[in-house]
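Trainee: Residue numbers (the numbering used here), protein chains in the order written: chain R, 1 to 218; chain G, 1 to 213.
For the record, the hints were derived by calculation from the structure and aren't laboratory data.
Just so we're clear, the structure is a prediction, and the values are computed from it rather than from any experiment.
Treat the hints with care, since some could be wrong.
Claimed, not checked - Interface residues of chain G toward chain R, partial, derived using beta-carbon atoms under 10 Å:
| # | residue |
| --- | --- |
| 1 | I37 |
| 2 | P41 |
| 3 | T44 |
| 4 | R146 |
| 5 | A178 |
| 6 | I205 |
What the hints assert, rightly or not - Cross-link-like lysine to aspartate or glutamate pairs, in silico, DMTMM-like; alpha carbons within 25 Å at most:
| # | chain 1 | residue 1 | chain 2 | residue 2 |
| --- | --- | --- | --- | --- |
| 7 | G | K192 | R | D176 |
| 8 | R | K120 | G | E209 |
| 9 | R | K178 | G | D132 |
| 10 | G | K192 | R | E208 |
| 11 | G | K192 | R | D203 |
| 12 | R | K198 | G | D198 |
| 13 | R | K156 | G | E46 |
| 14 | R | K217 | R | E112 |
| 15 | R | K216 | R | D177 |
| 16 | R | K108 | R | D167 |
| 17 | R | K178 | G | D9 |
| 18 | G | K60 | R | E89 |
| 19 | G | K60 | R | D203 |
| 20 | G | K60 | G | E93 |
| 21 | R | K120 | G | E46 |
| 22 | G | K60 | R | D177 |
| 23 | G | K60 | R | D117 |
| 24 | R | K148 | R | D136 |
| 25 | R | K163 | R | D140 |
| 26 | R | K163 | G | E209 |
| 27 | R | K108 | R | D203 |
| 28 | G | K188 | R | E83 |
| 29 | G | K47 | R | E57 |
| 30 | G | K47 | R | E162 |
| 31 | R | K198 | R | E98 |
| 32 | R | K178 | G | D39 |
| 33 | R | K120 | R | D210 |
| 34 | G | K47 | R | E142 |
| 35 | R | K125 | G | E46 |
| 36 | G | K188 | R | D90 |
| 37 | G | K168 | R | E112 |
| 38 | R | K125 | R | D140 |
| 39 | G | K168 | G | D51 |
| 40 | G | K188 | R | D176 |
By construction, the Cβ of each residue, glycine as well, lies at the ideal position given by its N, Cα and C atoms.
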Amino acid sequence: MAEVNTGDGGGGHGKHDKKRAKKASTRIDMTPMVDLAFLLLTFFVLTSTFNKAKTMEINFPAKDKDNKPMKINNALTFLLTREGTGEKEDGLYYYYGEFYAPKNKDGKPVTEFIKTDFSKDGLRKILLDRNKPTIDALNDLEEKYKKKEIADTTYKRLALKEKGAKDALTVLIKADDKAVYKNVIDMVDELNICNVGKYAIVDMGQAELDILNAIKKK
Amino acid sequence: MPKSNPQLDMTPMVDLAFLLVTFFMLTASVRVSEPVIVDTPSSTSEKLLPDNCILITVDKNGRAFYNINNGEVRMKTLEQMGKQYKVEFTDKEKKRFAGMTSFGVPMAQLKQYINMEDPERLKVKSSGVPLDSLHNELGDWIQFGRIEAARQAKAQKDKADKAGRTFKYEPMRFAIKADGQANYIAVKQIIKVFTDKDIYRFNLITNLEQEQK
């Protein structure tokens, strides 16, 4: 590597020999330093972790002081539970609109829970289907944005407005005490993918829980 | 054929190597080993966790662990908690605590826990920070952490104002890192502790997953 540069390979002249003995070389052997540098480099490359944790932001409903039931126009409720103790035994049920408990005052038939799953043909299909007006509107906006008809900020504002529109789909997530955290996250993630802007994680009512348990026993 | 020179100039390579070493050294953050391993569920969210946050870790069995990033705030929080629960901490203990990571022991055991050596501390089976209504230590940790963080931010702002600099205030965030297999009810309890303190916005920590279309 870096060697002492000996000029003309050592001649026979006495004058030349003397000069070479006195003159210190300007080059130093850098091999150990480079070795160390690469050692450190390898160490840092292998130990460093780049990715900071990713997070999902979520808002929980503020405590309602007078506890009156919410009025929701276009509601879709998902009930999360667990059928057994195994890995893949997630239970997912849903119903549209309001919940009618057995023997309700209005004389409406009892709400029926429909079973589905977390797969692409289950949950995703329901959400895309139900949320179609919003998704279509968002696609229109995106088209306009791509054609440069609307500005960046306008696009963002309109998209947000569209998602929060009064008659947009509202999803309620209700988990019972057997549900695992992963299911809740999967659910919220799916809502984000399907552009559902209005959703909330709320507590399950006793009547709903009773029906759910009855279905599971069957 | 002309004889080629067997020596080659390695200067650019060495330059590059040193550049990379410097880069990795500066970006590397010390990773302290956590008391529990948590397997977070995955989501498509790409938001990054802000620096200024209180992190509650929930493991598979529903135990809660508390962590606050800023060392100085940690020390102050410990001081306040000590006052509240009548536990005296020496300056040395406070300093040690500042350099620690998540912990999941009740106040009664905290002093002993701080004084342990690192390998010993990892072996301890933590019971989790208590959060039932009688001993809501987690709630107090959150409350004091929040107050102290706000106090520190205020002090920094005053200092910046005096020096004529602008101070960018980063609001405190509350992160929950729960195991995918944890019962939702355990997470719900933690969320209840937060909502009792009028905190409604959370950052749930997840792994990044590719969106399947």
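Trainee: It remains to establish, for every hint, whether it holds in the given structure.
Mentor: Here is what the structure says about each hint:
The interface hint given for I37(G) is broken, as the beta carbon of that residue sits about 14 Å from the closest beta carbon of chain R, more than 10 Å. The beta carbon of P41(G) is positioned within 10 Å of a beta carbon in chain R (closest approach about 4 Å), and the interface hint is therefore held. Taken as an interface hint, T44(G) checks out: its beta carbon lies about 6 Å from the nearest beta carbon of chain R, inside 10 Å. Contact between R146(G) and chain R, as hinted, is not supported at the beta carbon level, the nearest pair being about 17 Å apart and thus beyond 10 Å.
Annotation: A178(G) was flagged as interfacial toward chain R, and the flag holds, the nearest CB pair being 5 Å apart, inside 10 Å. At its closest, the beta carbon of I205(G) sits 5 Å from a beta carbon of chain R; the interface hint therefore holds under the 10 Å criterion. Our distance criterion of 25 Å between C-alpha atoms is met by K192(G) and D176(R), whose separation comes to about 15 Å. Distance check on the hinted pair: K120(R) and E209(G) sit about 15 Å apart at the alpha-carbon level, within 25 Å; holds.
Restraint check for K178(R) and D132(G): satisfied, since their Cα atoms lie roughly 20 Å apart, inside the 25 Å limit. Proposed proximity of K192(G) and E208(R) is supported: the alpha carbons are some 21 Å apart, at most 25 Å. With a C-alpha separation of about 12 Å, the suggested pairing of K192(G) with D203(R) holds against the 25 Å cut-off. A distance of roughly 21 Å separates the Cα atoms of K198(R) and D198(G); the hinted pair therefore holds under the 25 Å criterion.
At roughly 17 Å between alpha-carbon atoms, K156(R) and E46(G) fall within 25 Å of each other, so this suggested pair holds. Distance check on the hinted pair: K217(R) and E112(R) sit about 15 Å apart at the alpha-carbon level, within 25 Å; holds. A threshold of 25 Å between alpha carbons decides the hint, and for K216(R) with D177(R) the separation of about 14 Å falls inside it, so the pair holds. The straight-line distance between the Cα atoms of K108(R) and D167(R) is roughly 23 Å, inside the 25 Å bound, and the hint therefore holds.
Our distance criterion of 25 Å between C-alpha atoms is broken by K178(R) and D9(G), whose separation comes to about 67 Å. A threshold of 25 Å between alpha carbons decides the hint, and for K60(G) with E89(R) the separation of about 17 Å falls inside it, so the pair holds. Annotation: proposed proximity of K60(G) to D203(R) holds, straight-line Cα distance about 22 Å (limit 25 Å). Our distance criterion of 25 Å between C-alpha atoms is broken by K60(G) and E93(G), whose separation comes to about 30 Å.
With a C-alpha separation of about 21 Å, the suggested pairing of K120(R) with E46(G) holds against the 25 Å cut-off. Restraint check for K60(G) and D177(R): satisfied, since their Cα atoms lie roughly 15 Å apart, inside the 25 Å limit. For a cut-off of 25 Å, the pair hint linking K60(G) to D117(R) stands: about 23 Å separates their Cα positions. For the proposed pair K148(R) and D136(R), the alpha carbon gap of about 18 Å is at most 25 Å, so the pair holds.
Under the criterion of a C-alpha separation no larger than 25 Å, the hint pairing K163(R) with D140(R) is consistent with the structure, at around 13 Å. Restraint check: the Cα-Cα separation between K163(R) and E209(G) comes to about 24 Å, which is no more than 25 Å; the hinted pair holds. A hinted pair counts as satisfied when its Cα atoms are at most 25 Å apart, and K108(R) with D203(R) qualifies at roughly 23 Å. The straight-line distance between the Cα atoms of K188(G) and E83(R) is roughly 20 Å, inside the 25 Å bound, and the hint therefore holds.
Taking the CA atoms of K47(G) and E57(R), the gap is about 8 Å. The hint holds against a cut of 25 Å. At roughly 22 Å between alpha-carbon atoms, K47(G) and E162(R) fall within 25 Å of each other, so this suggested pair holds. A distance of roughly 16 Å separates the Cα atoms of K198(R) and E98(R); the hinted pair therefore holds under the 25 Å criterion. Taking the CA atoms of K178(R) and D39(G), the gap is near 19 Å; set against the 25 Å cutoff, the hint holds.
Between the alpha carbons of K120(R) and D210(R) the distance comes to roughly 28 Å, so the proposed pair goes past 25 Å and is violated. Of the supplied pair hints, the one linking K47(G) and E142(R) holds, its CA atoms being roughly 22 Å apart against a limit of 25 Å. Restraint check: the Cα-Cα separation between K125(R) and E46(G) comes to about 24 Å, which is no more than 25 Å; the hinted pair holds. The suggested pairing of K188(G) with D90(R) holds, with an alpha-carbon distance near 18 Å, which does not exceed 25 Å.
Only pairs whose Cα atoms come within 25 Å are accepted, and K168(G) paired with E112(R) is rejected, the gap being roughly 53 Å. Proposed proximity of K125(R) and D140(R) is supported: the alpha carbons are some 21 Å apart, at most 25 Å. The hinted pair formed by K168(G) and D51(G) meets the criterion: a straight-line CA distance of about 13 Å does not exceed 25 Å. A hinted pair counts as satisfied when its Cα atoms are at most 25 Å apart, and K188(G) with D176(R) qualifies at roughly 10 Å.
Violation of the numbered hints given earlier is confined to hints 1, 4, 17, 20, 33, 37; the remaining hints are satisfied by the structure.
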